[in-house]
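*Asks:* All chains, please: the whole structure from these sequences, using the hints.
These protein sequence lines map, in sequence, to chains A and B.
Note that my numbering has the first sequence beginning at 1, numbered continuously upward.
Note that my numbering has the second sequence beginning at 1, numbered continuously upward.
Think of the hints as simulated: they come from the structure by calculation, not from any bench.
One or more hints might be untrue.
Identical chains share a label here; the pair holds if one copy fits it or two copies do between them.
[Unchecked claim] When the alpha-carbon atoms are kept at most 27 Å apart in a straight line, the in silico BS3-like pairs for lysine-lysine are as follows:
{"id": "1", "residue 1": "K434", "residue 2": "K108"}
{"id": "2", "residue 1": "K61", "residue 2": "K123"}
{"id": "3", "residue 1": "K423", "residue 2": "K108"}
{"id": "4", "residue 1": "K450", "residue 2": "K108"}
Bear in mind that the values here come from a model prediction, so they are computed numbers and not experimental data.
Protein chains: 2
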Amino acid sequence: MAYGGYSYIDKNYRPKKTDFVTILWVKGESTFEMLSEALAAESSVGTWTKLATMNDFVWKKLRAHVFKTIKVSANSGYVYIAYPYDHFDSRNLLQILASIRGNIYGMKEIQELKILDWVMPEKFQKQFPGPKIGIKEIRKIIGTKSRPHVGTIVKPKVGLSAKEWADVAQKAFMGGLDMVKDDENLVNQTFCPWEERVIRTIEAADKAKDELGEGKIYVSNITDSIPKMIERIEFLDEHGWKQCMIDVYVMGIAGTEEILRELHKRKFLVHAHRAGHGAETRGPWGVGFNFWEKIYRLLGVSQLHTGTGVGKMEGSPLFIQKYGEIASKQKIKGFEPLFLNFKWAKNIKPMMPVASGGLHPGLVEGVTAIYGKDVTIMAGGGIHGHPKGTLYGAKAQRAAAEDVNKGIKLNKTQNIYLQEAIKKWGYVSGIEIKKRITSIKKLPIKKIAKGGLEALDKLN
Amino acid sequence: MAYGGYSYIDKNYRPKKTDFVTILWVKGESTFEMLSEALAAESSVGTWTKLATMNDFVWKKLRAHVFKTIKVSANSGYVYIAYPYDHFDSRNLLQILASIRGNIYGMKEIQELKILDWVMPEKFQKQFPGPKIGIKEIRKIIGTKSRPHVGTIVKPKVGLSAKEWADVAQKAFMGGLDMVKDDENLVNQTFCPWEERVIRTIEAADKAKDELGEGKIYVSNITDSIPKMIERIEFLDEHGWKQCMIDVYVMGIAGTEEILRELHKRKFLVHAHRAGHGAETRGPWGVGFNFWEKIYRLLGVSQLHTGTGVGKMEGSPLFIQKYGEIASKQKIKGFEPLFLNFKWAKNIKPMMPVASGGLHPGLVEGVTAIYGKDVTIMAGGGIHGHPKGTLYGAKAQRAAAEDVNKGIKLNKTQNIYLQEAIKKWGYVSGIEIKKRITSIKKLPIKKIAKGGLEALDKLN
Numbered sequence: 001m002a003y004g005g006y007s008y009i010d011k012n013y014r015p016k017k018t019d020f021v022t023i024l025w026v027k028g029e030s031t032f033e034m035l036s037e038a039l040a041a042e043s044s045v046g047t048w049t050k051l052a053t054m055n056d057f058v059w060k061k062l063r064a065h066v067f068k069t070i071k072v073s074a075n076s077g078y079v080y081i082a083y084p085y086d087h088f089d090s091r092n093l094l095q096i097l098a099s100i101r102g103n104i105y106g107m108k109e110i111q112e113l114k115i116l117d118w119v120m121p122e123k124f125q126k127q128f129p130g131p132k133i134g135i136k137e138i139r140k141i142i143g144t145k146s147r148p149h150v151g152t153i154v155k156p157k158v159g160l161s162a163k164e165w166a167d168v169a170q171k172a173f174m175g176g177l178d179m180v181k182d183d184e185n186l187v188n189q190t191f192c193p194w195e196e197r198v199i200r201t202i203e204a205a206d207k208a209k210d211e212l213g214e215g216k217i218y219v220s221n222i223t224d225s226i227p228k229m230i231e232r233i234e235f236l237d238e239h240g241w242k243q244c245m246i247d248v249y250v251m252g253i254a255g256t257e258e259i260l261r262e263l264h265k266r267k268f269l270v271h272a273h274r275a276g277h278g279a280e281t282r283g284p285w286g287v288g289f290n291f292w293e294k295i296y297r298l299l300g301v302s303q304l305h306t307g308t309g310v311g312k313m314e315g316s317p318l319f320i321q322k323y324g325e326i327a328s329k330q331k332i333k334g335f336e337p338l339f340l341n342f343k344w345a346k347n348i349k350p351m352m353p354v355a356s357g358g359l360h361p362g363l364v365e366g367v368t369a370i371y372g373k374d375v376t377i378m379a380g381g382g383i384h385g386h387p388k389g390t391l392y393g394a395k396a397q398r399a400a401a402e403d404v405n406k407g408i409k410l411n412k413t414q415n416i417y418l419q420e421a422i423k424k425w426g427y428v429s430g431i432e433i434k435k436r437i438t439s440i441k442k443l444p445i446k447k448i449a450k451g452g453l454e455a456l457d458k459l460n
Numbered sequence: 001m002a003y004g005g006y007s008y009i010d011k012n013y014r015p016k017k018t019d020f021v022t023i024l025w026v027k028g029e030s031t032f033e034m035l036s037e038a039l040a041a042e043s044s045v046g047t048w049t050k051l052a053t054m055n056d057f058v059w060k061k062l063r064a065h066v067f068k069t070i071k072v073s074a075n076s077g078y079v080y081i082a083y084p085y086d087h088f089d090s091r092n093l094l095q096i097l098a099s100i101r102g103n104i105y106g107m108k109e110i111q112e113l114k115i116l117d118w119v120m121p122e123k124f125q126k127q128f129p130g131p132k133i134g135i136k137e138i139r140k141i142i143g144t145k146s147r148p149h150v151g152t153i154v155k156p157k158v159g160l161s162a163k164e165w166a167d168v169a170q171k172a173f174m175g176g177l178d179m180v181k182d183d184e185n186l187v188n189q190t191f192c193p194w195e196e197r198v199i200r201t202i203e204a205a206d207k208a209k210d211e212l213g214e215g216k217i218y219v220s221n222i223t224d225s226i227p228k229m230i231e232r233i234e235f236l237d238e239h240g241w242k243q244c245m246i247d248v249y250v251m252g253i254a255g256t257e258e259i260l261r262e263l264h265k266r267k268f269l270v271h272a273h274r275a276g277h278g279a280e281t282r283g284p285w286g287v288g289f290n291f292w293e294k295i296y297r298l299l300g301v302s303q304l305h306t307g308t309g310v311g312k313m314e315g316s317p318l319f320i321q322k323y324g325e326i327a328s329k330q331k332i333k334g335f336e337p338l339f340l341n342f343k344w345a346k347n348i349k350p351m352m353p354v355a356s357g358g359l360h361p362g363l364v365e366g367v368t369a370i371y372g373k374d375v376t377i378m379a380g381g382g383i384h385g386h387p388k389g390t391l392y393g394a395k396a397q398r399a400a401a402e403d404v405n406k407g408i409k410l411n412k413t414q415n416i417y418l419q420e421a422i423k424k425w426g427y428v429s430g431i432e433i434k435k436r437i438t439s440i441k442k443l444p445i446k447k448i449a450k451g452g453l454e455a456l457d458k459l460n
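*Replies:* The structure is reproduced here in structure tokens:
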């Protein structure tokens, strides 16, 4: 077996500590073996035809190795590829993306292609900052030890005036929410100018902090062209407010790295929204969300949306739990072929996972069953749609967080606003969620892997 | 039918000149009508539950309208959505992405979702620069009137030393190629330092220009973190070389816009590679490539990879022809539901489409049958894999471009090196390609649309 005159499959190869490793699902129009060859060739040193210009150094020192495969059918399966460190331009993340997540997606003979996970070596990680304001620092701002954080997105998404908007935020803070954020499609529209909204909302947060004696977080959405974002960061800093939100997936990696440099310099808490990621993290093409998540932690966001496992957004509890671990732990146990063993370098601090999308107070217990207590639980409609409105929706959500922290099951809560919320939207038991995760973990994953991506997706 | 208490379907609505319009393919777990509602709601002013905070202004002035649908089955079809201008933050491209290409991809009830095309209003386009060095200016640099441009990527992709690399480039230029470029995964590795490669290759280009009396293009890959890219742009400018390559999809939109600002200021020719785009432009999730292409022209790249229609990369001739038109024309005729009618604002100049991936001299006629003559045809293995090596591969490719320009069919060529290339790799007739496009265009597209994305994909 060979591609362009060379064979990249080498089952005796053991990945080195300094290698980059990827695991891919592939299905195509040629044999599984040939697809494996083509992926390794196109993402490293090869092409479709034999070259007069190929030489020994290139071949021996820089090529990729397919060191393991799991064949599912004659034309599909999982491919493990290792890349030598010197193949890459050291700290150049974009060049690495262009190699391992690049032209291979354009190959005609491929019908499905998904990078399920990847490992970057410690040597590489050490060059990056990681979160400067991580879980520990966020807890210090709010003043909590262990309870989950709760917050809201002001709704409707767009259309409220700055004053109306800040009034809703005020109620949310006063009701006991730790955090308020802009929605992803609100920045600086004519009906709600950004500066006015920010000033009014900072006032609301400060007032709530004074009255309640609790720290508050307001992350305004600064996402825009880079000069505009810098202007907004300066404005916030001048107003003594070192917190903001960026929408990392729509920005892309180069922009995210650039703006984080500015934000780290000024010691900002950086909330990361991920609008649009599903365009390449769902279905049989693209990457698993964990692929991007590792980059976002490496570059140093403080909080990252990682799904709910319950609510209106996709993602099974098991996947969401793994995303939670990748965000908040230093060492992650693999669950192959979906997740590889992974270790963060010591300098890359934990970031806070954020659950958001279709949540309401009755789901808080279920969310913490997935994530543990190091999580920020955001609700929009589930706060403002409360029968008594925003203030009481906030009280209900805060009560849910307090109850969960004390080990009280939410269907036994003494809080009347929480009781009302549960009456309207229902309740999901944490025990049920834990059982579901356990049952998925007990599945013979190797056997399921044999069913291909479709079978694995059913876990999702 | 309603979602979160409101209905967004309004078949009497006629999109305004200032509206943004998208067309989406959707398939899901609820009815097609409910999916249409949910997409419009989540991408504009709504959410999953009725809100106490919704008001008349928001509803009347800012909501999205589903103004047309093509139902394919009970739970799938095409949805046309119009968004009012004021919904958006004017020039903030990222906020628009977060709205129309944002959270909707995370909705649990959706099984497939693809934005097939979009229209941005003239009022919006006028705020952007478009290409500063476009087709006309590129032809002036090289000194051509009508013939297709030809170029090469030095191979193997990575591993040659700077000297070896520049020697290959030198042969390519001397053989008559107009352009040489770095491959996407070569930037500044230890075995081939960027500065040395650039200096040596500029020398090679200058020498070829002097000897042959023809302009030459060398686009080195500067893709990296933004400060590194700025350094490299300064370096090139100091060496009097106003040309470079950026890898736009791995960079992302914020980084691409930022670096183009710098490149426009210095009047650079900007070659845009698109490694990795297939992760979201293939399969049933994501966007059509035309979605991104319109942004890249808007922001102002000079040359953009848009596929081959032949060779190792995916994409049927019809799709590639449309991508070619979006790059090089001011007005594009729709082919619904795949492509909408579209008009560029006057200030947005044409950019040069680039065909690259598995090409060789025998395919040059086929490529121009798709694109016309305003195209740059790149070949890697198809040059360096020539039986006589790079210099003669280049001669063969240049001869193919000259023959095509004169209307000579390549299987009748008098050029012996081209004859050798065709003997090795074969020949695809332009007439055959044109017939294929015509036959696809004659298909009853409305009937095919009824077969859903899968049927449309078969055109691809």
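*Asks:* Hint by hint, say whether it matches the structure.
*Replies:* Taking the hints in turn, this is what the structure says about them:
no. : hint           : in the structure
1   : K434 with K108 : between (42 Å within a copy, 20 Å between copies)
2   : K61 with K123  : within (18 Å within a copy, 53 Å between copies)
3   : K423 with K108 : between (53 Å within a copy, 23 Å between copies)
4   : K450 with K108 : both (24 Å within a copy, 25 Å between copies)
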